[in-house]
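Asker: Each chain is listed here by its residues.
There are 2 protein chains.
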Amino acid sequence: MKYLVTIMPREEALDPQGRAVQSTLNRLGFKVQDCRVGKVVVVDLADGSNESQNLEAVKKMAQTVLSNPLIETFEVRTL
Amino acid sequence: MKYLVTIMPREEALDPQGRAVQSTLNRLGFKVQDCRVGKVVVVDLADGSNESQNLEAVKKMAQTVLSNPLIETFEVRTL
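In order, the protein sequence lines correspond to chains A and B. Start counting the first sequence at -14; every next residue gets the next number (our numbering). Start counting the second sequence at -14; every next residue gets the next number (our numbering).
These are calculated hints, taken from the structure and not from any lab test. These figures come from a predicted structure and were not determined experimentally. Errors might be hidden in some of the hints.
Because identical chains cannot be distinguished in the list, a pair is counted as satisfied if it fits within a single copy or across any two copies.
Stated by the list, open to error - Derived pair list, reagent style BS3-like, types lysine-lysine, alpha-carbon separation capped at 25 Å:
#, residue 1, residue 2
1, LYS16, LYS45
2, LYS(-13), LYS24
3, LYS45, LYS(-13)
4, LYS24, LYS45
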């Protein structure tokens, strides 16, 4: 079972990587107003547990390992 | 108009970051079989063009700036 975890910088947090990408794109002539850069992690769980247990496990991974809750938000979805 | 670009390492490419995340998760007791790490870029285009032009522009950004086609694939979707 595969799960997609999307991690984005919080709206109120600075996103230096996004700013850098935006300024590069603007320099190349693309009219970009704003740009945010985040991460995606595709997690493939070993079978055995049921789906709701899996989802709980992935949420725990996202909260404790994959994201920094102070500056990032995450979203989990089943693939 | 906002567009979401998801960039993932190709299946056949090594993904050292994914391997590192997987081994960390396994060490912490999560039963993860496989793990791939990619990037997401949310691009907010200045209004003015129509949607199909915008989508073309975002695809061009993804292909030329945001991803490395040799080792990564990308996917664009409207938000």
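Asker: If a hint holds in the structure, say so; if it does not, say that too.
Answerer: Structure-based check of all given hints:
no. : hint                : verdict
1   : LYS16 with LYS45    : between (38 Å within a copy, 12 Å between copies)
2   : LYS(-13) with LYS24 : both (16 Å within a copy, 17 Å between copies)
3   : LYS45 with LYS(-13) : within (15 Å within a copy, 29 Å between copies)
4   : LYS24 with LYS45    : both (17 Å within a copy, 20 Å between copies)
Consistency with the previously given hints is maintained throughout, with no hint failing.
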